[in-house]
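Engineer: Protein chains in written order, with this note's numbering: chain A, 3 to 116; chain B, -18 to 94.
Just so you know, these hints were derived from the structure itself, not from any lab. All values derive from a computational prediction rather than experimental measurement. Please note that a few of the clues may not be correct.
Which chain A residues face chain B? A few, computed with CB under 7 Å, are given here [as the list claims (entries may be wrong)]: (1) Phe36; (2) Leu46; (3) Leu48; (4) Gly104; (5) Phe107; (6) Ser109; (7) Gly110.
Simulated pairs of lysine-lysine, PhoX-like, Cα-Cα distance not exceeding 20 Å [what the hints assert, rightly or not]: (8) A/Lys43 with A/Lys68; (9) A/Lys57 with B/Lys81; (10) B/Lys30 with B/Lys52; (11) A/Lys66 with B/Lys81; (12) B/Lys81 with B/Lys30; (13) A/Lys57 with A/Lys43.
Think of the CB as a built atom: it goes at the ideal place given N, C-alpha and C, for glycine as much as any other residue.
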Amino acid sequence: GAVVSQHPSRVICKSGTSVKIECRSLDFQATTMFWYRQFPKQSLMLMATSNEGSKATYEQGVEKDKFLINHASLTLSTLTVTSAHPEDSSFYICSASDRAYGYTFGSGTRLTVV
Amino acid sequence: AQSVSQHNHHVILSEAASLELGCNYSYGGTVNLFWYVQYPGQHLQLLLKYFSGDPLVKGIKGFEAEFIKSKFSFNLRKPSVQWSDTAEYFCGMFSGGYNKLIFGAGTRLAVHP
């Protein structure tokens, strides 16, 4: 089946630094990837839609300068949280589209900003 | 605008009870519908999906869902739940018009032995 690898699974960073999260589709090509944020005991909030070779489409209320998304190849999308603050601490999840399997999710990244 | 609603936020059942989780969506065009499960401490896994064709979709682990277009619904069912079904369940919708995959608020299911 389709596999999406997300790295790192956990990261702790200091306030003011930047963190990059990678999302890779391992055995299929994904022209579209989605980035979500999940707060404790809540649903997945769509942050942005990442399209290979073009700019990401951000949801209302999501700061594009703070959450930089790059989808440079058909198998890799990255989310960079810039100048992280404690309120950015959350669980970030990516999803990649594969026509045969639907949407496959990465295992998520728990970001803690101290 | 598109949206997904899950009406049951918390469901508690005993083993062998039947399960039905509600999911309604709001979108006037063609949609793809999904149910995902998230077991404690794990990532989301696809239970089943509906793209087109037979509106009764069978998924893994004995789950099924029925797409009723007139009701904009895609309810998840299982005739007899097990303790291992304890998890959070998310209904998702993808619409080509918006090119987004969005989810309902989730339903937390607890199955007691």
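Engineer: So which hints don't hold here, by number, going up?
Structural biologist: 8 and 13
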